[in-house]
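**Q** Starting from the given sequences, assemble the full structure and let the hints guide the process.
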Amino acid sequence: MITGALRETGRLFALAAEVGRAVFRGPFQFREFTEQFWFVASVTILPAALVSIPFGAVIALQVGSLTQQLGAQSFTGGASVLAVVQQASPLIVALLIAGAGGSAICADLGSRTIREELDAMEVMGVSPVQRLVVPRVLAAMGVAVLLNGLVSVVGILGGYFFNVVMQGGTPGAYLSSFSALAQLPDLYVSELKALVFGFIAGIVAAYRGLNPRGGPKGVGDAVNQSVVITFLLLFFVNMVMTAVYLQIVPPKGG
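Per my numbering, the very first residue in the sequence shown carries number 237; after that it's consecutive.
Worth double-checking, as some hints may not be accurate.
[Stated by the list, open to error] 20 Å max Cα-Cα, derived SDA-like pairs, lysine to any residue:
id	residue 1	residue 2
1	453	344
2	453	340
3	453	349
4	453	343
5	453	348
6	453	353
7	453	351
8	453	354
9	453	465
10	453	464
11	453	350
12	453	347
13	453	335
14	453	352
Because the hints were derived from the structure by calculation, they are not lab data.
**A** Take a look at the structure:
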C-alpha cells in the first residue's frame with residue numbers, strides 16, 4: 237500500500253512537471269482556455285460571494301468578542317481583516333474551485349479517458365496534456381487569483397457591517413486598526429496562495445481524470461477522490477506557506 241501511494245504521488249508530481257513544461261511550449265490552446273476560464277468562473281463566482289459574507293461575519297464576531305474581553309476592541313478591524321485576507325479568502329476560493337470547477341474538470345477528462353478519446357489523440361500525435369490539461373489548469377489558476385480579490389472585498393465588507401452594526405464598534409476605529417496592522421505583503425501572500433491553490437486543484441483534478449478505474453463508476457470515484465485529495469493538500473500547503481511568510485515578512489512596526 238505504501239509503495240502504491242508513493243507511485244501515485246510520483247505520477248502526480250510528474251504530471252505537474254509536464255504541465256509546467258507544456259505551458260511554455262506552443263501552440264497555446266487559447267479558445268479552450270477561454271471556455272474553461274468562463275466555465276470555472278461561472279460556477280464559482282456566486283457561491284464564493286455568498287460564502288464569504290458569513291465567513292467574514294463569523295470572523296468579525298469572534299475576533300470582536302475576544303478583543304472586548306481583552307480590552308483591545310480598537311484592534312478588531314485589523315485582526316479580522318488580516319484573518320479574512322491572509323487565511324479565509326484563499327481557502328474559500330480554493331475549496332470552491334476544487335469542489336465545483338475541479339470536479340467538473342475531473343469528470344470531463346475521466347469520461348474522455350474511458351471513451352478512449354485521449355488514446356486516439358495520442359495516436360494522431362496530439363498531446364492530451366498540451367491540448368486539454370494545460371488550459372484547464374491555467375483557467376483554475378486565473379479564476380482563483382481574480383476570485384480571491386472578490387472574496388476578500390466581500391468578506392471585509394461583511395465583517396465591517398457585523399462589527400460596526402451588531403457589536404457597536406466605530407467605523408473610525410475599524411479602519412484605523414486596519415491601516416495600523418495591515419501591509420501590502422499581506423495582499424501579495426493572499427494572491428500567491430490563491431495562485432498555488434488553483435494550480436493544486438487543477439493538477440489533482442486532471443490527474444484523477446486521466447487515471448480513472450473501472451469504467452463510469454471509476455469516474456465518479458475519481459471525482460470524489462480528487463476533491464478529498466485537494467482539500468488535504470490545500471490545508472497542508474496553507475500551513476507551510478503561512479509559516480514561511482511569518483518567518484520572512486516581519487509584522488508591521490516590528
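**Q** Mind checking the alpha carbons of residue 453 and residue 464 for me, to see if they're no more than 20 Å apart?
**A** holds (17 Å)
**Q** Between residue 453 and residue 340, is the straight-line Cα distance small enough, at 20 Å or below?
**A** Roughly 15 Å between the alpha carbons, so the hint for residue 453 and residue 340 holds.
**Q** Below or equal to 20 Å on CA atoms is what counts here, so check residue 453 against residue 354.
**A** OK: residue 453 and residue 354 at ~19 Å, within 20 Å.
**Q** Has the given pair, residue 453 with residue 344, been kept, meaning a C-alpha gap of at most 20 Å?
**A** holds (14 Å)
**Q** Below or equal to 20 Å on CA atoms is what counts here, so check residue 453 against residue 343.
**A** OK: residue 453 and residue 343 at ~11 Å, within 20 Å.
**Q** Is residue 453 close enough to residue 347, meaning Cα to Cα at most 20 Å?
**A** holds (10 Å)
**Q** When you check the alpha-carbon spacing of residue 453 and residue 348, does it fall within 20 Å?
**A** Between residue 453 and residue 348 the Cα gap is close to 14 Å, so the pair holds against 20 Å.
**Q** Could you grab the alpha-carbon distance between residue 453 and residue 350 and see if it respects the 20 Å cut-off?
**A** Roughly 10 Å between the alpha carbons, so the hint for residue 453 and residue 350 holds.
**Q** For the pair we were handed, residue 453 and residue 349, check the Cα-Cα distance against 20 Å.
**A** holds (13 Å)
**Q** For residue 453 and residue 353, compute the direct alpha-carbon distance and say whether it is at most 20 Å.
**A** Holds, at about 18 Å.
**Q** Do the alpha carbons of residue 453 and residue 335 lie within 20 Å of each other, as the hint requires?
**A** holds (19 Å)
**Q** Taking only the CA atoms, is the gap from residue 453 to residue 351 under or equal to 20 Å?
**A** Given that 20 Å is the threshold and the Cα spacing comes to 13 Å, the pair holds.
Hint compliance for this structure: no hint is broken.
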